[in-house]
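Keeping the supplied structure of chain Z fixed, place chains H and X with the ligands upon it in accordance with the hints.
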Amino acid sequence: MMGINAAVEVRNLDFTYEEGPQILHRVSFSLPQGSLTAVIGLSGCGKSTLCHCLCGLIPQALGGELSGEILLQGHDISGRPLAQLAQTIGLVMQNPDLQLVTTTVEDELAFAPENLCLSPAEIARRIERVLAWLNFEHLRLASPHDLSGGQKRLLAIGAVLTLEPQILVLDEPMSHLDQQGQKLVKDALLALLKEGCTIIMVEHDWQIATFADNWLVMIDGRVSYFGPPADILQDKDFLLQHNLL
Amino acid sequence: MTLFSLVKWDPRCKIILMACLSTLAMLRGEVWFLFGLLVFTCLLVMLGGAELSGALGQVKGLLGLIFSLFIIQCFFTRSGEPWLVIGGFTLITSGGIELACILSLRLFILAFSALLLLTGEVRDYLLALVQMKIPYEIAFMTMASVHFIPILREEALNVFYAIQLRGCELQKASWRKKLHTYLEICLPILVGALKRTRAMALAMEARAFRAYPKRTYLRRLVLKKNDKAILVAVPVITLVLLVY
Amino acid sequence: MALEAKNLYFKYPKGKKAVLSDFSASFLPGELAALTGANGCGKTTLTKILLGILQPQQGLVLLDGRNIAELTLAEVGRSVGYVMQNPAQQLFCTSVEKEMDYGLLNLGLSEEEREKRINYYLEYFQLSRHRKSFPFHLSLGEQQRLLLAAVLAMKPRYLILDEPTAYLDVYRRRLLGEHLQKIRTELVCGIIVVSHDRDFVGEYCQREVVMPGAGMVENHVDSPQRRAL
Ligand SMILES: Nc1ncnc2c1ncn2[C@@H]1O[C@H](COP(=O)(O)OP(=O)(O)OP(=O)(O)O)[C@@H](O)[C@H]1O
Ligand SMILES: Nc1ncnc2c1ncn2[C@@H]1O[C@H](COP(=O)(O)OP(=O)(O)OP(=O)(O)O)[C@@H](O)[C@H]1O
Ligand SMILES: [Mg+2]
Ligand SMILES: [Mg+2]
Chain Z
1 MMGINAAVEV RNLDFTYEEG PQILHRVSFS LPQGSLTAVI GLSGCGKSTL
51 CHCLCGLIPQ ALGGELSGEI LLQGHDISGR PLAQLAQTIG LVMQNPDLQL
101 VTTTVEDELA FAPENLCLSP AEIARRIERV LAWLNFEHLR LASPHDLSGG
151 QKRLLAIGAV LTLEPQILVL DEPMSHLDQQ GQKLVKDALL ALLKEGCTII
201 MVEHDWQIAT FADNWLVMID GRVSYFGPPA DILQDKDFLL QHNLL
Chain H
1001 MTLFSLVKWD PRCKIILMAC LSTLAMLRGE VWFLFGLLVF TCLLVMLGGA
1051 ELSGALGQVK GLLGLIFSLF IIQCFFTRSG EPWLVIGGFT LITSGGIELA
1101 CILSLRLFIL AFSALLLLTG EVRDYLLALV QMKIPYEIAF MTMASVHFIP
1151 ILREEALNVF YAIQLRGCEL QKASWRKKLH TYLEICLPIL VGALKRTRAM
1201 ALAMEARAFR AYPKRTYLRR LVLKKNDKAI LVAVPVITLV LLVY
Chain X
2001 MALEAKNLYF KYPKGKKAVL SDFSASFLPG ELAALTGANG CGKTTLTKIL
2051 LGILQPQQGL VLLDGRNIAE LTLAEVGRSV GYVMQNPAQQ LFCTSVEKEM
2101 DYGLLNLGLS EEEREKRINY YLEYFQLSRH RKSFPFHLSL GEQQRLLLAA
2151 VLAMKPRYLI LDEPTAYLDV YRRRLLGEHL QKIRTELVCG IIVVSHDRDF
2201 VGEYCQREVV MPGAGMVENH VDSPQRRAL
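Going line by line, the protein sequences match chains Z, H and X. Heads up: the first sequence begins at 1 in this note's numbering, then just goes up one per residue. Heads up: the second sequence begins at 1001 in this note's numbering, then just goes up one per residue. Heads up: the third sequence begins at 2001 in this note's numbering, then just goes up one per residue.
Here chain Z stands alone, though its shape is the one from the complex (with noise of 0.2 Å):
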């Protein structure tokens, strides 16, 4: 698997927070460029901790004991500052009240653009896509602190995609989110994959994973299965001995 056209890239993980036991355990993956990823593991696993890894934000600001290797599109990331890896690599957190800064949702889609330095022709342009794509032209001047639970998700959401990065980890999109918060997410993703992007997203319900491209299983901090959900789907076994259906 490993090529040139690899996007992210990962060798030999391990990851220890400053207290507690280790949670990565040598992980290793490769994805290519344009491919949807999904996460799939239980709770407590490690799968937020490897998204903040990808991002940076391991250890740069949370802090731990990493080793191993990361590249996005060919590059090391250790060492380079968030804000400058965040023009590569855009994140979703799990959990949206932790990541809405601004005081109106208009505000919160052009924050990414307008760090980017650009033409508020193109900022407007990007806030247009992601308001028609989420469904969020009415809510356009509320505060994102007064939404409900799954609107506030959506708009998390929308707010990285106004930065419109080459990576995307989400953590846990459809979470909080109605059948139709889902369906717009994922054609949102759809739409980004037909442009190159490459996207890793965090899922526990594997129904909804099954259009991922590839699942990456993690137990217990370590990468058991990488490859088509088809595949794994047909080992019900193993999938049922560790409690993942």
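Hints are computed from structural coordinates only; laboratory data are not their basis. Fair warning: this is a prediction, and the values are worked out from it, not measured in the lab. Be careful, since some hints might not be right.
[To be verified] No farther apart than 25 Å at their CA atoms in a straight line, the calculated lysine-lysine pairs in the DSS-like style are these:
#	chain 1	residue 1	chain 2	residue 2
1	X	K2098	H	K1172
2	X	K2098	X	K2132
3	X	K2048	H	K1178
4	H	K1224	H	K1133
5	H	K1177	X	K2014
6	H	K1172	X	K2155
7	H	K1195	X	K2098
8	X	K2014	H	K1008
Below, chains H and X with the ligands without anything else, positioned relative to chain Z:
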């Protein structure tokens, strides 16, 4: 009754106006002048269509403070003629009353001129500050802290609801029990607030905040004709009043 | 005996439209009811009104026949357990163990009984190895399980769970569902589960209350600027 709409004013006008009003209040020390200024400020706020119902509530909170400061000033300043003498001991002097009046008037003017700002949105002030050439980080952090107070308040409230719903009686408890619970819960709330602020800084960086020394903006505030007039007239009048 | 909402009308001070208008429903002990509806239709708002955290402008909530407005939150909390939509906002102790113990202490239970319940629930939700951890350092799914454990351990007569399965994996969802079934029959507990999870609702809930108000409700006031222009 609304004669003109403060809401339509450019936020820069409101910032300048407020700055001028406070400067005048601080630098002029005559009771009649301050009183006139207070009346002017009140009229401005009322005729400008500020939503007074909510605003008055915020001033009401200040009333107690201003009143107690008034009393303290009365008693502790000894100058001018004695006004109230009890048993050979001078309690209140004319100088004390005057100083107390000045202080209270000043506080009222500050409070009412702050109400001017409530007629606008946080996002517009942020933009105004940036267009006044204040570095974005500073402008953003100022505005974020203003924006953050209600959020932190709400989060603290959530914790209080959570505590009570887990069976801790606060509404009917004795003040000692209340104090004890508040102290007990103080630390976790502070830790939560710190975590939250940190998480916000991270969330911003993860969305490329400060990736470049510069930043562009979706919107731009444009001064209308009357805004320009206000921006020129208000500082000039203030200067005149200060020198005169 | 029931938890009843009668002709509720509720509008947020900052809102444009009412979130609830003339809404009535009743929830019985020994029943597991699902509360469903589109994002933003007012489910969380309703749960907060049922607990007395928000006060409706019209209508009232009756808890076993008593008006909830006349009870303190603590009194409500002893009969109604609540798990918020965002678990992180409801944790306030410095260790998992203390978090579990907090409610039990307030119920005035004996040391022995508390210990028993804490052990049982930490074991059941597989948090035993985190017993001494700082709750803020848990993963979101673990925080949600901790909160469920802490509230369930109090054995309230009613339970209101706002999207309890949002951060749980399939396996833990099953654990939760089975436990809810059990306390429903054994303790005759009345349970309200807000959920978007069709499988969970289909498998474990006896009744579904669908909130009216299709799609995202247009509930937000325009900013003053927009109004003035
Ligand atoms: N503090 C607030 N001020 C004004 N409007 C609010 C506030 N909180 C929520 N709303 C609005 O009220 C409506 C109902 O919100 P609520 O949180 O009850 O929805 P919900 O049914 O729980 O949705 P979800 O499934 O997304 O959690 C939403 O449209 C929301 O935008
Ligand atoms: N700051 C921290 N300090 C110490 N331990 C931590 C910290 N954050 C997480 N952990 C632990 O690391 C483990 C993995 O956490 P992580 O958040 O990656 O799980 P996850 O797979 O995302 O789970 P979930 O599905 O519940 O979100 C958990 O057992 C958690 O308790
Ligand atoms: Mg996680
Ligand atoms: Mg909700």
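Pair hint outcome, K2014(X) versus K1008(H) [Cα-Cα no greater than 25 Å]: holds (20 Å)
Agreement of K2048(X) and K1178(H) with the hint, judged by alpha carbon distance not exceeding 25 Å: holds (23 Å)
Given pair status - K2098(X), K1195(H), alpha carbons within 25 Å: Within the cut-off at roughly 20 Å; holds.
Given hint K2132(X) paired with K2098(X) - CA-CA distance at most 25 Å: Distance of about 9 Å is within 25 Å: holds.
Straight-line alpha-carbon gap K1172(H) to K2155(X), limit 25 Å: The hint holds at about 23 Å.
Agreement of K2098(X) and K1172(H) with the hint, judged by alpha carbon distance not exceeding 25 Å: holds (24 Å)
Given hint K1133(H) paired with K1224(H) - CA-CA distance at most 25 Å: holds (19 Å)
Satisfaction of hint between K2014(X) and K1177(H), Cα-Cα up to 25 Å: violated (35 Å)
When each numbered hint is compared with the structure, a violation occurs for hint 5 only.
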